[in-house]
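Undergrad: Add 296 to the 1-based position in the sequence shown for our numbering, that's all there is to it.
Just so you know, the hints here were simulated from the structure itself, not pulled from any lab data. Heads up, some of the hints might be wrong.
Subject to a maximum C-alpha distance of 30 Å in a straight line, what follows is the list of computed DSSO-like cross-link-like pairs (lysine-lysine) [stated by the list, open to error]:
hint, residue 1, residue 2
1, LYS709, LYS964
2, LYS728, LYS709
3, LYS964, LYS586
4, LYS709, LYS770
5, LYS728, LYS774
6, LYS802, LYS774
7, LYS538, LYS367
8, LYS1003, LYS538
9, LYS964, LYS1003
As the structure is a prediction and not an experimental result, all values here were calculated from the model.
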Amino acid sequence: MEGTILFSVVGRTQYGFDIYSVDVSASVSDHQRDFCSFTENRLTDGVSVNFNGSFSCFPDNIDDENASAEKLVYVSERTGLPKIYINSQNTSHEMGPLQFQPVGEGHGEEPSGFFFDRPFMRGDRVFFIATQKGFTQTRECYTALYVTSVSTGETMRLTPPNVADFSPSLSPSGDWVAVASYEGRGWQGEIHDLHTNIYVFNAKDGSGRRLVAQNGGWPTWADDGTLYFHRKSDDGWWSIYKLSDWANAAESMADAERVTPPCVHAFTPAAMSPLAGNWIAVATRRMNSKWRHIEIFDLDSKEFIQVTEKLHPEQHHYNPFIAPRSRRLGYHRCRVIDGPCSDVDDDSRASTQPIARIPRLEAIECPTDRLSLIRVDGFFPTLSPCGRFIAYNRGLPGSSSFGLYVMRSDGSKSWLVAEENIFSAEWDPQRKGVMYGTLGSIFAPPSMSVQVAALHIPLNELTDDVDRVSSGLKILTKPDTGNNGFPAPSPDGKWLVFRSGRAGGKGKNLYIMDAELAEDAEVRRLTCGEWTDTMPCWSPDGQWITFSSTRHGADEGCFGLYMIRPDGSGLHRVQPSPQGSKTSDDDEDCMQNPVLGRINHPKFSPDGKSITFTADLSGISAEPISLPNQFQPYGEIFISRVDGSELIRLTHNAYEDGLPSWTPFSIKLPHQQQSMDPSFITSSFSEPLQGYFIEPLFLNRVTEEMKVACCVAVP
């Protein structure tokens, strides 16, 4: 397995997250009267994305007057992967990425080394969520809680084997950990409300694990006996719940008290000791606003107090956390805007802060040494046969920046080559500068007119002194043939395989036509049925076509991986598995084992022996409500042999990764230079950071039941 896999990600390249904090008054009601009573301080250095922080301190005793200053432990992707860093007195990290020794026998699977999240520190120990190394079953989550010693690197898994934990929180004494967990049920495809349960166990070794609350997530401790967590309430509003005396709590929802009222979504809570103040911090989404903000909820007055809306009213803010020895309130947001209440005039910080730009191409550490893995700031990336150019869509269909672009393969220059709504473009392997793409809506019913088009790009006009060129466009399919799309040329350039709804009915199937004559010659039907066959790709030797299909799906949203010969023979289903080869050409067997989940956008390796694709085979890695919108937060990039064996997970993150393409060329981009060097980030290799990402779409829905609950809650 050699070459380079290019892939896309939803939103992540635009995040630009840094961690900020404000100081909260001893009397929170003071902030109600002072419009700009918060001064915002940036705690991280503006490199890559920095998020999901927590405050901690040395030594273990947080009440020790001689304890050193509070430290910030957080996640940063400055090396291309989410890893753990520690800051002390300034915005530059003093430690990280943290290194980990093997977990050792008897403690479960080791962390993969490719995904770390939600860290918190107590003395010398750092607790964190990580994906585990390897997996045994598909469509299960593989996140677990680990603890490591900063001084020795000795690491232990606290989550039991074959259990997925999320969103940990350490009690003030350091004795207990609470998590949201799938223990006892496993992931069942949830992408909005995960329906996890809250478990508590011993922080030393994971012992004494017990269920304390059902249907909850993102737990946080006020004291060693009191937990808060979020839950989607029966009336449809996300709210904060309180569990008092968890050690004696019955294992039922009834024992949790609803704290925040309907008419406002409140989630990802952060609690503090009642001795320091009787309030919690939450992220909110209000019915009349599209912005996520951090607010304080006063537990005495039962009132919300605005925090970030006073600072940056039209920006999203995420995942509050509170210092254990003070009233510092932290969170993360995109650094693209600094408002009038922001403290950003530190001389050392200003001199090193890069201009807010993002690289077009970002190298990601790959689990397979001989492969290069590159994340593209755009969608549907594909490398030209000569290896010099990458074609891509800068935005998703419907966005102002959609268009078809071409960039140099090192990301150093890009050009707009077509303003039309063309996506899923593929290069002709024989004719220089010729591409085939889909013209029209990306999600459309079989009968809607969507066309396959050929595009001729004048490659000799792609020079440094221009930003756009005019390309010749030719429509290849007739307007009355329904939804045609995802064209893929054969290796000799003579044929195109594409999906079409031209047969009528509810199905979309595969067809083959002459790449030059198109509908002026025969268009041959390759597959037939009232299902969706789509996203085809021709093998390098021309002997096989791989595609995604719902033909054996448990429902119309479930896609499996299939292969067929260009003459229609040899149709079989490929079932990628870590255990070994699983293929079937027996239709009855496929019906008895329906497809669950999604495997989409398959592409052959250059040698034709392997396939890359995006899938939900490893579940999700974080609570989706804690992130900007991810349409399918389970999306990760995988590779397997063409028979489904030797399955390897390539990407480990909480984002939706997809649209992979596999090229024989080895594109090497230096991790450190592209992530850290300001001169690189501000060069022509990058695009301006605009902060173009949105909130989870499921938070926008307001049902009649939610409106009724609102009327009851508000006199």
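Undergrad: Against the earlier hints, flag every one the structure doesn't satisfy and list their numbers going up.
TA: The structure conflicts with hints 3 and 9, although it agrees with all the remaining ones.
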